[in-house]
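Colleague: Assemble the complex: chain A is given as a structure, and chain B with the ligands must be docked to it using the hints.
Protein sequences, first through last, are from chains A and B. My numbering applies: residue 13 is where the first sequence begins, and numbers increase by one. My numbering applies: residue 685 is where the second sequence begins, and numbers increase by one.
What the hints contain is simulated information worked out from the structure, not anything from laboratory work. Model, not experiment: these values are computed from the prediction. Ideal placement from N, C-alpha and C gives every residue a C-beta, glycine not left out. One thing to keep in mind: the hints can contain errors.
[What the hints assert, rightly or not] Which chain B residues stay away from chain A? Per the calculated CB distances, all over 10 Å, these: (1) 740; (2) 750; (3) 982.
[Said to hold, decoys possible] Derived EDC-like pairs: lysine to aspartate or glutamate, alpha-carbon spacing no greater than 20 Å straight-line: (4) B:922 with A:28; (5) A:350 with B:863; (6) A:60 with B:954; (7) A:350 with B:687; (8) B:728 with A:259; (9) B:888 with B:863; (10) B:888 with A:263; (11) A:350 with B:1051; (12) A:405 with A:452; (13) A:228 with A:193; (14) A:350 with B:1044; (15) A:406 with A:452; (16) A:278 with B:687; (17) B:888 with A:78; (18) A:174 with A:249; (19) A:300 with B:687; (20) B:949 with A:342; (21) A:406 with A:439; (22) A:300 with A:443; (23) A:300 with A:352; (24) B:930 with B:770; (25) B:923 with A:28; (26) B:728 with A:263; (27) A:267 with B:1049; (28) A:277 with B:863; (29) B:869 with B:944; (30) A:350 with B:1054; (31) A:350 with B:944; (32) A:278 with B:863; (33) A:405 with A:449.
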Amino acid sequence: MDTLTHSSITTYRSLERPKYPFCPGCGHTLTNDHLNAALVQLQLDPRKTVVVTDIGCVGMSDQYFDVQAFHGLHGRAITYATGIKLANPDLTVVVLMGDGGVGIGGAHLLNAARRNIGITVLVFNNLNFGMTGGQHSVTTPHGGRTATTRGGNLERPLDICKTVAAAGASYVYRGTAFDKDLPARIAEAVQTPGFSLLDIWELCTAYYVPNNNFSKGALLQTMQGLGLASGILQRLDTPELARAYREEYAEQRGKPVLPPSFIEKKYASALTATTRVVLAGAAGGKVKSTASALALGGMYAGLWATQRDEYPVTVMTGSSISEVILSRDEIWFMGVAKPDLLAILSPECLSQMTSQLRAMDETQTLYVVPELAQQIQTRAHKIVFNFDRAPIKKSLALTATAAMVRHANLFPLAAFREAISAGQPAEIAHENLKAVDASEFVI
Amino acid sequence: MREFIDGAEAIARGALDAGCNFFAGYPITPATPIMLRMLRELPKVGGIGIQGEDEIASIGMCIGAAMTGAKTLTATSGPGISLYSENIGMAIMGEVPLVIVDVMRLGPATGGATTVSQGDVQFLRWVTSGGFPIIALCPSGLADCYTLTQHAFNLAEKFRAPVFIATDKEMMSAQQSVDTATFEKIQPINRVYASSAEEFVPYKIQHLSDTPAFAPVGGEHLIRFTTSMHDERGIITKKPASVDHKGRHLAAKIEAHRDELEFVKHDPQDGAHTLIVSYGITARSMIQAAHNTRANGKRVSTLIVQSLWPLPEKALRDAMRGITRVIVPELNLGQYRLEIERVAHARDPRPVVIGINRVDGELIEPEEIEAEIGD
Ligand SMILES: Cc1ncc(C[n+]2csc(CCOP(=O)(O)OP(=O)(O)O)c2C)c(N)n1
Ligand code: SF4
Ligand SMILES: [Mg+2]
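Chain A on its own, in the form it takes in the complex:
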C-alpha cells in the first residue's frame, strides 16, 4: 500500500466542495466523515486511492473527496471496483453503496466476497431507498413502514454480514454510523488484502425516521431485536484474487500468443469442380474429427476448404453432422443445401437430412451404411458401404470417408493419411491409419 511520507495529509475531503449535499441529520454525513478519518489515519496517496460509488444519495459521496472518484450504475459499483483492482492491484479501492445497491447488485456482492477480490465495501445501510423517496429495500426490517410497505414490511431483512461471511469475505464488520471506532474499523478493513465489508446502519432523516418514529436508540434496538451481531464478525486470511491471478499465471508470461499453424501443400489434387461434402452420423462417432481430416487432407493437396459442424447442444447424444467444402478457388458461400457427396453413417442424423436428400439429383452421390440403404429414397447415385472387411467399428467414419475420398478421387489418400496423423500421439495415429487402410474394400 502506498503511503505518503513527505508531508501528512489532514483531509481527503474536497476543498472545493466542503459541504455534503445530504439532508440534515442524514447518516451518510457521519459515515463519510468516518471514511475521511480512516484515510487520514492511513495517509494513503490520493492518486492511488479509488472511491467507487453506487447510485442513490450515497452515490453523491465520491464528488466530495479529492481522490480518484468513480460513480457507476445502480448496483454495479462492485463490478467496476473489481475491474480496477484486477487491472491495477496496487490501488486501494473502496466502494460506497446503499442498501438499495445491495439488493439490485446482490449477485456482485456475493461473488466479490467469494472471489476475495481486494476491495472494501462500505454499505451505507439506512434501511430504505433514500434517493427515490423512501421505498423498502432488502434490509428494511420486518414491519418497517416505507412508501411501498405502508402497512409494514411483510418481507424479512437480509443479514448482509452473514451472507458475505458465508461467501468467504476476509473481513466483515457490523456497526452504526454513530460508532466512535468506525474510522479504525474502516482502516482495518482497507488494510485487509482480501474482500472486506462494513455494514453501517444509519438514519435516513427524510424518510425512514419520520415513517417509523425512528431514532438512534431505535436503530440499535432493531439490530438487537433482529438478533444481528455487531462488531468484527469475520477475519480470514485467504489469497486475494488480483494477486493470486498474477502469481498463478506468472510463468505464462512471454509464451507465444496464438501461434500460426500453417498447412503446406504437398500433394496434387485432380479435383476440378467445387465439391460440397456432408458427413452425417451420431455423436461420439468421430464425425467432426473425420471432417477436419477431410478438410486438412484437401489443404495438403492444395485445395481451399471450409468446415461447418452441427450438433445438439447436449454434445454427447443425438446426431453429428459436418459439412466440408473443397475447391480449387477461394470459397465464399459456405452453405451446403445440395451436397455433391453425402455420407450417411448412422440413423441418428436421418431426420435432419430430409431436405438435402430431396435436393440431390443423379449428378450427386449418396454413400450409405448397409443397414440404412433400403429405407433412404433418393434420386442421387446410391453407393452402399460394405464393412465386412473393415472390422474397426469405432473408426467407421474414418474408414467410410477414406473410401469416399478414393471413390470420388478428391485428392490422394496419402494427403488424408497425413491429415489424420498430424498432431496425434503415435498410438492414435496408428489406429487411425489402420482404419484408413481398411477402406480399400469398402466400396
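Modeller: For chain B with the ligands alone, coordinates are given in the frame of chain A:
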C-alpha cells in the same frame, strides 16, 4: 501460407495484436470461443482474463479496467447485449474505450443458440437509452475479423467510446482455409493521455467534436468519472448549457468524423444497373452470386458494408450512381434495407430497393440473389 481457422481465432489474434490486455465475459453460444482464447492467451502478454458472474459484471469489470488504461474486450450474443445495455450507455457517457463483440444468433430472447442471424443490426444501433451514435464494424471474412478488430480497438481508443464488432454464428464457428500471411496488421493507436505537467480537467475539450484527453485511475492526475450527466470537470450537473454541451459533444465526436468511420468494399462493374449491398456472412452469398452472374455475361456491382454504424452514407450514395436496382440480402426482415432506402430516396432518379430476407436460420443461397438480379 494457409491456415485452417475460425473467426473466433481471427478476432482473438486481432485483439491481441491491437494491444488488448483485459477481457471479461460470460459464456454464451456462439461467442464462447472468443472468451476461451482470450482467457488462455492474455496471461502470456501480462494481461487479465476473467469470467464474470454475469454479463453485467463482465462489462462492468471491463469499464473499470479500461479507466485504469487497459485495452478491453468483451464478447457475447444477443441475450448478453441486452444485459450490457445500461453499461454501454455508461461507457458512452463516461467516454470509455471498449470493444464489444456481438456474435449474433437468432432472436428474440434465447432464440436459437446455434442458429445464424443478423437480427441485431438495429438493436446495436439503438442499444441504450438516450439515442446517441454508435460505431459498429462487421466482418465478412477471416481477414476482416482480424483487421476490423484492430480497427475497432483503434477507434475505441481514438474516440473513447464503445465500439461493436457485429458478427454471427457462422463467421465465428465455421473453419476456413485462409492465407493468414496476407492479413493486414494495423498500427495500434493509443488514446491521447493528458500531460502530467498541466492541470487536468477530466472532460475538457476545445471543440465539440474533440475527444477529451485521458488520465488513468491510479495515475498522476485525480480523475472524476461519472455515469451521471456532468460538466467538463466530471461534476454532476443539470445546468442546461453544460448538459447541452455534453450531449452535442457525444454526438459530434462521432458524427464529425464519419469519413474516418466509413469502411466498405465496393466492387463496381462498368455498365451495371444493379447494385447488391450486403454485410457479414450474407456478403459472401452476394460475392458468389455476383461471380456467377458475371460468369454468365451479365453485369452487377456489389458493395460490402464493413462499418454498419454510422451508416457509410457517402460510400452508398456514390455506389448508387447510375444504378436503378439495389438488392439488399440480409438475415433479418429488412433492418438495413431501411437505411439503404433512405439513401436511395435522396437520389434522382431514385433506384428501387429490393430486400432478400431469411429468418429461418439458413443462409441466403447465391441463387436467391441471382434470381433478383434480372438482366
Ligand atoms: C437501474 C436503475 N433502477 C432504478 C434506479 C433509481 N434509483 C435511484 S437511487 C435508487 C435507490 C437507492 O437506494 P440506496 O441504494 O439505499 O441509496 P440511498 O439513496 O438510500 O443512499 C433507485 C432505485 C436507477 N438509478 N437505476
Ligand atoms: S433522503 Fe435520506 S439518505 Fe438521502 S440525503 Fe436525505 S436523509 Fe440522507
Ligand atoms: Mg438506502
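Colleague: Identify every previously stated hint that the structure contradicts and give their numbers, smallest first.
Modeller: Those not satisfied are hints 1, 2, 5, 6, 7, 9, 10, 27 and 31.
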